[in-house]
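According to our numbering, the sequence shown holds residues 1 to 318 in order.
Restricting the straight-line Cα-Cα distance to at most 25 Å, the calculated cross-link-like pairs of lysine-lysine (DSS-like) are:
| no. | residue 1 | residue 2 |
| --- | --- | --- |
| 1 | K138 | K115 |
| 2 | K244 | K314 |
| 3 | K277 | K249 |
| 4 | K55 | K185 |
| 5 | K277 | K94 |
| 6 | K55 | K28 |
| 7 | K185 | K45 |
| 8 | K277 | K244 |
| 9 | K203 | K45 |
| 10 | K94 | K105 |
| 11 | K138 | K232 |
| 12 | K28 | K232 |
| 13 | K44 | K203 |
| 14 | K105 | K233 |
| 15 | K203 | K314 |
| 16 | K115 | K233 |
| 17 | K185 | K277 |
| 18 | K55 | K317 |
| 19 | K115 | K232 |
| 20 | K115 | K73 |
| 21 | K295 | K233 |
| 22 | K55 | K232 |
| 23 | K233 | K138 |
| 24 | K287 | K297 |
| 25 | K244 | K138 |
| 26 | K138 | K297 |
| 27 | K73 | K233 |
| 28 | K138 | K277 |
| 29 | K138 | K105 |
| 30 | K297 | K244 |
| 31 | K277 | K143 |
| 32 | K297 | K115 |
| 33 | K232 | K297 |
| 34 | K314 | K28 |
| 35 | K185 | K44 |
| 36 | K138 | K287 |
| 37 | K55 | K314 |
| 38 | K73 | K232 |
| 39 | K295 | K115 |
No lab work stands behind these hints: they were computed from the structure.
No experiment lies behind these values; they were computed from the predicted model shown.
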Amino acid sequence: MNLSADDLIVITGGAGFIAKYVIRELNKLNHTNIILFDRYDLLKKENFNNLAGLKFSSLESSDVLEEFLEVEKSRIRCLIHLGANSSTTGMDAKDYLINNYELSKLLVDFCVEEKIRFIYASSASIYGDGCLGFNDDKDQFEKYRPLNLYAWSKYLFDQYILENALEDQVLGLRLFNVFGADRSKEQMRCIVTRVFDSILENKTIEIFNVQSDRDFVFAGDVARFIVESISKKSHGIVNFGTAKTTSFKQMCEYVYATVGLESNFNTIPLPDHLIGKYQHVTQSNPKLLNHMIDKYKYRFHFTPIREAVELTVKELKR
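Let's have the full structure, built from the sequences with the hints guiding it.
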């Protein structure tokens, strides 16, 4: 990979879940020239646990991000934009618009102007209930209707990229259901972490008694693709999913099998506040991603779900 020690990598959401895996991949390449930015007012002990054992130059407040970029722009090789309010149940539209939309616009405009590689996390939540499919062809974009404020904020930024013809200059990954070892999101923890923690606490996990099939994506795979993309010229907004679905029930069973126990979970009704706002099925259309992998000669491949669950449980045990 064409990455020198002098190349500065900037990561927003730097103390978060996916960032942990990205930093780890960069460290595997002996790259530590990494500056992390995050919202100090939202950090918890679990965020610092994410950073344990990782090598990076510094963690800075998002409040000084704009000033930092202006001063250090000549040193920056790539800005990896992972920071966002990722709650799918929040009701503060202003917070979503400021932190997920306005900040993203500022960052992409800056990077395009300064010719800095810009890679960002979009979301498959923009597809709404999935009844119209999960097609990342930009000609299909306008037909989708997100189900919550988080999804709308992601939709609006993708729209900004497309309407301003920036897709040839940036890389956006429309992430499907990312999972891995992380406890920083509390109620938003991924299914594998929630099941494993319920086992530790001798509690019974609860899953909804409705169809809940997801295109689960291992966070380690997201990170490997992002890091490999730093030195590629790949661009556009593409689905990032395996194109295969796994039920929440099956994921629970994988976790129990990994720790050598019989499955133990209850089913509960879908809460009223999620009715009409819940994606029952997600499944990536991989056409554009596969084309990108072939065209730009990526070495990337997805980790099989069962293997990824085992890797996640192994890390959670540490």
